[in-house]
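Trainee: Chains A and B are the protein sequences, given in the same order.
Here numbering that gives the first Met the number 0 is used: position 158 in the first sequence is 157, and no number is missing along the way.
Here numbering that gives the first Met the number 0 is used: position 9 in the second sequence is 8, and no number is missing along the way.
Don't take every hint at face value.
As the list claims (entries may be wrong) - Calculated from the model, a selection of chain A residues having no Cβ within reach of chain B, i.e. all distances over 12 Å:
1) Arg66
2) His71
3) Val121
4) Ala194
As the list claims (entries may be wrong) - Quick partial rundown of chain A residues pointing at chain B, CB under 8 Å, derived from the structure:
5) Phe7
6) Val120
7) Ile135
8) Val139
9) Ile143
10) Phe148
11) Gly151
12) Ile152
13) Leu153
14) Arg222
15) Val226
Keep in mind that the hints were calculated from the coordinates and are not lab data.
Note that the Cβ used here is the ideal one computed from N, Cα and C, for glycine as well.
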Amino acid sequence: MKKRKFTFLTFSFYAFLFLIAASWYFVIGVKNASFLELFSKENVAYASKFFKGLFGVGQEEIAFLNRDSWSHAFTLTIETLQMSIMAIGFSTIVMFLTVIPAARNVADGTLTLSRKWYRWVVFSLIRISYIFSRAIPELVWAMIIIFIFKPGILPGAIALALHNFGILGKLCAEVIEDTDYRPIRNLASAGAGRAQILMYGVLPTVLPQFLSYILYRWEVIMRTTIVVGFVGAGGLGQEFKLSMSFFHYTEITLLLICYLILVIIADFISEKSRFFVK
Amino acid sequence: MLSFDLHKRKVLTLFLLLLFAWSLFGVNWQEGVLHSSGIGTAAEIFAAMLTPDLSLDILRLAVESSWLTLAYATAGMSLALILALIIGVLASGVLASGKSSRTLMKGSFRGVLGFMRAIHELVWAWLFVASFGLSPYAAIFALAIPYGGILGRIFADMINDVPEEPILALKAAGASKLQCLFYGYLPSVKNSMISYTMYRYECAVRSSAIMSFVGLGGLGYQIQLSLDDLHYGEVWTFIYFLIILVILIDGWSNMLRKRMQL
Numbered sequence: 000m001k002k003r004k005f006t007f008l009t010f011s012f013y014a015f016l017f018l019i020a021a022s023w024y025f026v027i028g029v030k031n032a033s034f035l036e037l038f039s040k041e042n043v044a045y046a047s048k049f050f051k052g053l054f055g056v057g058q059e060e061i062a063f064l065n066r067d068s069w070s071h072a073f074t075l076t077i078e079t080l081q082m083s084i085m086a087i088g089f090s091t092i093v094m095f096l097t098v099i100p101a102a103r104n105v106a107d108g109t110l111t112l113s114r115k116w117y118r119w120v121v122f123s124l125i126r127i128s129y130i131f132s133r134a135i136p137e138l139v140w141a142m143i144i145i146f147i148f149k150p151g152i153l154p155g156a157i158a159l160a161l162h163n164f165g166i167l168g169k170l171c172a173e174v175i176e177d178t179d180y181r182p183i184r185n186l187a188s189a190g191a192g193r194a195q196i197l198m199y200g201v202l203p204t205v206l207p208q209f210l211s212y213i214l215y216r217w218e219v220i221m222r223t224t225i226v227v228g229f230v231g232a233g234g235l236g237q238e239f240k241l242s243m244s245f246f247h248y249t250e251i252t253l254l255l256i257c258y259l260i261l262v263i264i265a266d267f268i269s270e271k272s273r274f275f276v277k
Numbered sequence: 000m001l002s003f004d005l006h007k008r009k010v011l012t013l014f015l016l017l018l019f020a021w022s023l024f025g026v027n028w029q030e031g032v033l034h035s036s037g038i039g040t041a042a043e044i045f046a047a048m049l050t051p052d053l054s055l056d057i058l059r060l061a062v063e064s065s066w067l068t069l070a071y072a073t074a075g076m077s078l079a080l081i082l083a084l085i086i087g088v089l090a091s092g093v094l095a096s097g098k099s100s101r102t103l104m105k106g107s108f109r110g111v112l113g114f115m116r117a118i119h120e121l122v123w124a125w126l127f128v129a130s131f132g133l134s135p136y137a138a139i140f141a142l143a144i145p146y147g148g149i150l151g152r153i154f155a156d157m158i159n160d161v162p163e164e165p166i167l168a169l170k171a172a173g174a175s176k177l178q179c180l181f182y183g184y185l186p187s188v189k190n191s192m193i194s195y196t197m198y199r200y201e202c203a204v205r206s207s208a209i210m211s212f213v214g215l216g217g218l219g220y221q222i223q224l225s226l227d228d229l230h231y232g233e234v235w236t237f238i239y240f241l242i243i244l245v246i247l248i249d250g251w252s253n254m255l256r257k258r259m260q261l
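Produce the entire structure from the sequences given, and follow the hints as far as they go.
Mentor: Given below as structure tokens:
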């Protein structure tokens, strides 16, 4: 046993070294990307122009000194906030509906003291849907969803929710697998139904942990709202892309400031409330 | 005390529900939320899910772009790891000698890490592409900076959570700060560092796939091109390749984690 572990670990180690070497070789050798070329005269000129643009050097209209653009950016910020809350709300609802049969100890009957053959079928179906949903990045979901829904914050929220319910589901199912099974068995043997087990047995024990995971995902969603906006799903991201296309660099700075404020607030709230939940 | 706790929890739940309800008001439900042909398109897309395009050309393209995605992710991740190790150790404050210098070091380097990870990798990518063109380095740096920030913060937390006794023993034996770091802190957090890095590696593959959006190639780029041509079958082929890639890495990291715990 000990020898096997050693070989697998060393194998992984060398495999990683090989992968890293191969990727760098691919980037430098095959793609001919030279590092020094990044700092060629032209690029330095472009970069300095771009950054000067961001700080509004030598421009007539500077968006981040303008009251109107601030108020516009503020409405967009609120929209983005709404989108993130909606996204986490949707994924939480779907997660709650699916998480119980997705736990391994429910499927094999150790938790509820009843064994049914179809539990395994449901278990694997839900687990496959989790893997499927979290393997596809939110941006790809958004690109697909935007074909179906009208542009706005709803498709963005749905795309974010589609990606995150798989992650939330996996994390929360693991929480259920780790819970103390004795109180829940007690309920099951007293004849409690599925909903009753959920309400009185599972929820009270796992809710604090669920909440901390939900808040953690919300924080991540906040950061990704800007990305789904790129494909037309509303909020700060959409405006960001528009300003990028029109070369309105000072607007980009303003939007980035708003975005950073949102992210910092989300960080702060999730940190504090995790403490509060504990 | 217990009743107060329950009360607190109920208030919190109610507050969160209200927030969710408020967010729903942001949508204009009256005008209809679907495109006029939305349901038809949805049916087409989901029908294509079962019939992905498996012609030889597309498969070859998919393998090529999977490798591109993986290569960018690996290169970016290796840079991120270096960044995270250096800044993370500095941000944990174990190298500082006095109390005030420790707080200063912790505060400033944690701030740097926070800034690195606050901006999403795609935004970094966009900024890099805007400033120095469509170079693979734009993708690699765009991955390395936010991932370095996340990893660095977690590494710093891990180092701070190391139990104090072994370190005190080392110090009593006359070890310097650096010796404490290499023989005390790092060995005790090595395993958790590796498993967290593996988990992040999986995320990096997904992120590297969407780097495409700014025109840097890879699986996401192909997905976007096929979507623009309305070839839904091809879209799903590329998506399945992405899923396989992610599952492979996930499986590997799970195996590694299990072996390391033994």
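Trainee: Over 12 Å to the closest beta carbon of chain B is the bar; see if Arg66(A) clears it.
Mentor: Non-interface label on Arg66(A) holds, nearest chain B Cβ at 24 Å vs cutoff 12 Å.
Trainee: Holds or violated: the hint that Phe148(A) contacts chain B, with Cβ atoms closer than 8 Å.
Mentor: 6 Å, holds
Trainee: Can we keep the Val226(A) interface hint, with Cβ of chain B closer than 8 Å?
Mentor: At about 5 Å, which falls below the 8 Å cut-off, the nearest Cβ of chain B leaves the hint on Val226(A) intact, so it holds.
Trainee: Would you check whether Val139(A) satisfies its interface hint, that is, whether its CB is within less than 8 Å of any CB in chain B?
Mentor: 6 Å, holds
Trainee: Would the hint on Ile143(A) be counted as holding, given a Cβ-Cβ threshold of 8 Å to chain B?
Mentor: Check passed: Cβ of Ile143(A) comes within 6 Å of chain B, closer than 8 Å.
Trainee: Holds or violated: Phe7(A) as interface residue toward chain B, Cβ cutoff 8 Å?
Mentor: Interface hint status for Phe7(A): holds (5 Å vs cutoff 8 Å).
Trainee: Going by Cβ atoms only, is Ile152(A) closer than 8 Å to chain B?
Mentor: Holds - the Cβ of Ile152(A) comes within 8 Å of chain B, reaching about 6 Å at its closest.
Trainee: Please confirm whether Ala194(A) is truly not at the interface, meaning its C-beta sits more than 12 Å away from all C-beta atoms of chain B.
Mentor: About 18 Å separates Ala194(A) from the closest Cβ of chain B, which puts it past 12 Å; holds.
Trainee: Beyond 12 Å from every chain B Cβ: check whether that's true for His71(A).
Mentor: 16 Å, holds
Trainee: Taking the least C-beta to C-beta distance, is Gly151(A) closer than 8 Å to chain B?
Mentor: 7 Å, holds
Trainee: Less than 8 Å between beta-carbons is the criterion; does Leu153(A) satisfy it with respect to chain B?
Mentor: Check passed: Cβ of Leu153(A) comes within 5 Å of chain B, closer than 8 Å.
Trainee: Per the CB criterion, is Val120(A) less than 8 Å away from chain B?
Mentor: With a minimum Cβ separation of about 19 Å from chain B (threshold 8 Å), the hint on Val120(A) is violated.
Violated hint: 6 only; the structure is consistent with all others.
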